[in-house]
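Engineer: Protein chains in written order, with numbering that gives the first Met the number 0: chain A, 0 to 345; chain B, 0 to 328.
Calculated from the structure, these hints are not laboratory results.
Cβ atoms here follow ideal geometry from the backbone N, Cα and C, with glycine treated the same way.
One should not assume that every hint holds.
For each label pair, taking beta carbons as the anchor points, the in silico distance ranges come out as [stated by the list, open to error]:
no., chain 1, residue 1, chain 2, residue 2, range
1, B, Y310, A, A148, 23 to 33 Å
2, A, P110, B, F3, 16 to 26 Å
3, A, Q79, B, F3, 50 to 60 Å
4, A, A148, B, I1, 22 to 32 Å
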Amino acid sequence: MTEHNNTSPVLDVHDLHIEFDTRHGALKAIDGISLQIAPGEILGVVGESGAGKSLTGTAITGLLESPGRISGGEIRLEGQRIDNLSQDELRRLRGRRIGAIFQDPLTSLNPLYTVGRQLIETIRTHLPMNRAQARQRAIELLAEVGLPAPETRIDQYPHQFSGGMRQRVVIALALCADPKLVIADEPTTALDVSVQAQIITVLKRLCREHGTAVMLVTHDMGVIAEAADRVAVMYAGRLVEVGPVADVIKHAKHPYTQGLMNSIPTILHDVERLEQIEGSMPRLTAIPEGCAFNPRCPHAFERCRVERPDLIAVDEGAAACWLVEEGATPPPQARATADTLVDHHD
Amino acid sequence: MIAFLIRRLLQGALVMLTVAFIAFSMFRFVGDPVTNMLPQDATLEQRTELQERLGLNDPLPLQFGHFVTNAVQGDFGISYRNQRPVSDLIAERLPATMEMVFAAVVLSLVIGIPMGVYTALRRDSWLSHLLQGVSLAGISVPTFVTGILLILVFSVWLNWLPSFGRGDVVEIGGWSTGLLTVSGIKALIMPVITLSLFQITLIMRLVRAEMLEVLKTDYIRFARARGLTNRAVHFGHALRNTLMPVITITGLQIGALIAFAIITETVFQWPGMGLLFMQAVSFVDIPVMSAYLVMVSLIFVVINTIVDMLYFVVDPRLRVDAGKNTTGA
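Bound conformation, chain B alone (with noise of 0.2 Å):
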């Protein structure tokens, strides 16, 4: 475990020292860094000095080592756009991104279960036809017509809920949460059910396709065998089997949900790094673009650790050491 463990952070080590030099030669390729800072008019003189200030005389290795060593403190450089630093800049964005994503994945898993054992288990009955059939729909229906759907009639019509911003929101120790106030509530409604619609169709499709396989499998057999309940067979037995790839899919899923909240935010005007980085896009700012490429990854490395060590709880296959595996027969 300890082994695994430490080898799974070298290889995260690995992926966000990729990633980071990715992120690095944006500031190369992407445009003269130093024609972006410096206004139009500038002399020749101020933009060698600019450019010894900035390093960007020194061998390239030596560049790169700087940008890894004042990342790994945190510190990504000064916005372009913003003047201010960039890091404050995510600290700032990040709750809103993280809470409307944490809510989506809870609401996704808390309906996309249940839906996917009950079609699984009924699948003759008209509401798992049905449900299939929603679901259908919720997969192809892309997330703006859905925002924009919901902004129609919530918003627009009835006049329920915000249309966009996130509400009051209430500092606890850095991090402004939404979740304290009515108005934050209600600003979150819509974003959240955006964004989990297709994820909740997802995680269905997925458990029902798991259940269904697993349902087949000799040692569910066995125990309808046994004589188990029918509630034993399948929620003691078949579920649990069922959860690796959704915990599997749960985790890449939160990933992307953090780096492609885009879409939603900029329907919903939501306050979150999504948000950010769309600023950042049409500005061609890039310390901003690079340090949320480089927090993206971190995030896919943190969680994707984080399941994997999931899967150790989950199935004892995995814990036991390989070495007193079997006894002679």
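Just chain A, with the same shape it has in the complex (with noise of 0.2 Å):
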């Protein structure tokens, strides 16, 4: 793992381990996760559905609910160890100093309540301030995040909104007490793709002038490309690449990584049919020996099914493959999609 820029870290997780209780024993969710998350930061989070991705999010958030537990692992906010607060103390902590955004602003609103009394009760749970000027804080945040005429719209219910206007008002909610964090969990996969990019500039240029970073969940590679400066690629519970996004994304070491490259489609390159990886990813109950991606690795070899790679430095980043380690070179990649994706968006 790369230190980003000599600064402390804001966000350290250290060989977190998530595991759920149950009947058959415990399942491990989160098998051994370290990633750090410099001061305004955006550190994308990649990966198939179930690959642990949200759950390490709520881990940090502290809102992992029973059966669910840290089992293992420590996790850092400026130094602080946050792990092991009381319930008190990490609520404390939530939206003042994490702040959160989930994946459907249809939903995230309470339909009952005003965005202007949502925005006020939460300023006023983590600041000193009354009503009247958290009031008048509420309309500069919908203003700040390119809301029209906040000063009305504030009285308005959440149904009033269209999706991504609502989307505007969670992130404005996830701000309100000037977190350190954003854990941005999927914030525009329930979005209309034309609305997707306004909220991702949003979030991208309010993060750079709070100086808030932000842990980018999400299973689009566009949104990576467009907002992150780091990447982190999950698979069963594992990272199995860390590095710069134009460096993952060009220069893909891990043949998973490589895999969901080459299977986003793009106009430019006419394919007949899409790449896919074969296979799914294992469920928790069946994590195969050895490397957890070897039954569906193109280039999987006898160590691979035997011995499990953790990650090795490479270049900037880190790949968790045994190819990094015996040097081999990554083999080239189908399509210039990656490119194209870098290029675009840059």
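Starting from the two chains in their separate frames, assemble the complex, guided by the hints.
Structural biologist: The structure is reproduced here in structure tokens:
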């Protein structure tokens, strides 16, 4: 793992394990994840559904629900260990130092209260302000996230907003106490494609302005390419690759990341059919010996089936693949998809 | 809102007309009123004379018209048994039933909602399990059993509370209330407990189920992620969202309680409409029965209209004109 800049990270997750207690014993959902996010940095976390992306985010905000539990490792926020805090201490942390953005803006807001009321109550929970001051701040926040006529819209109910506008309100709610870190869990997935880019732009701009670091959980490589500084790729509860966004997209080291890149459709290249990664991610109950990806990996060899690789530093990033350690040149990518993605958005 | 109200009133009128028709048919099909009203040795002339006087020879639609016109003015005819206007009898009995039912509804909300919230929030505490268990008993024991057991314990054994009647009442503008005298209150206790026991468990289980459902929603998770206190999340956000079904059910239950307080009123000899109806049934007192039918339906219609209007108060999504709902993203 590379240390980003020389400043101490906002978020430092070290060897995090999450288990689900079931009748048949504990299920390992997250199996030793370590990652850091520097102040103001946007870390994209990608992977298939069920890889553990959202779960990691949930654990960081302390909202993991029974039967899920953190079974090992530590989470540090600005150097302070937070995974062992009490419920009430965690509660004070949420919204104040860690903001959260959820996937579906249509269901994230309480339908019975005006957006203003929801903003004001959040602001007043965390900041010493009276009602008028909080209202003023709420209006400013709504203006910041690009909501037209915030003075009137503040008194409207969520159903009077479109999906994109609601997600802007959600962003305002996440940022209303100026947290140092925002966990954005699939913030654009539920939105129209035309709105996705706007939301990403707003999120990116605000976090730059406020110096907020973001953990951007998504399965959309386009969003990552557009917004993230670094990328962490997850597979079956582990990190398989971490690195600067351009490196990962253009020169993916791990065969799984390469597969992800190849499966992105593009109109610039006329292909007969989309590339896909054969097979599917293993269930938590049946994670194979060795590298979890080996049954689907086109380059798997003997060692992959018996020994599990950890992240191995290479260039500016790291990949959990024996190919990397053997110094084997990563196989060429099938298409130029990755290049177009980066060129297009940078 | 106005359009909605007018629509509801028209619907209500339609319902009332249908009910009136059923009530009217009772006269025609449940025995012959002339036979009921005349002595057994009446002559044929007397019969035709009475038939003419009662308008029974008029065409059916005209008769129904008369019935509706009279009913709208509160005139349901003369009780066969008491030989007094039915409207007087109802007016005498209505306060007793209303007071008992509303006391029962208030009690079931005041006890049921907090119990539901508690059992939803502290699912695994021993008290929750106890309440759940007891509520199961509450929901399965028939009303008359509860009533009789209460009488046995508190009237027969302990001699604390009266076993029947309404105690002393005070007349206030034609409304006789038992709420202002000690004996009236004492008499009210057991019937109200009997009547509300089922309602308490119903409300409790409803609130619990709704609350558990709401606590799983995204906006509650998001409220937690915003760092709101548990109190704000549970009572500010979750509880209000559980209230819609509670209002609906409570509305329906008030109607049902008024209509079916019959058993409780019989057990406690409570001088309300239910008891009046029971006596009417045993004497085939058709004017009283049909008036009771119309009254109960009217109460149902009125309460349900109020409930529909409460939705507007609780849920802003219904309040705003659908036309200017959303703006572009």
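Engineer: Now, for every hint given, state plainly whether the structure supports it.
Structural biologist: Evaluation of the provided hints:
1. Checked against the given bound of 23 to 33 Å, the beta carbons of Y310 of chain B and A148 of chain A, roughly 29 Å apart, stay inside it.
2. At about 19 Å, the CB distance of P110 of chain A to F3 of chain B agrees with the hint of 16 to 26 Å.
3. A beta carbon spacing of about 55 Å between Q79 of chain A and F3 of chain B agrees with the range 50 to 60 Å that was offered as a hint.
4. Under the hint 22 to 32 Å, the C-beta atoms of A148 of chain A and I1 of chain B, about 28 Å apart, fit the expected range.
Comparing the model with each earlier hint shows no violations; every hint is respected.
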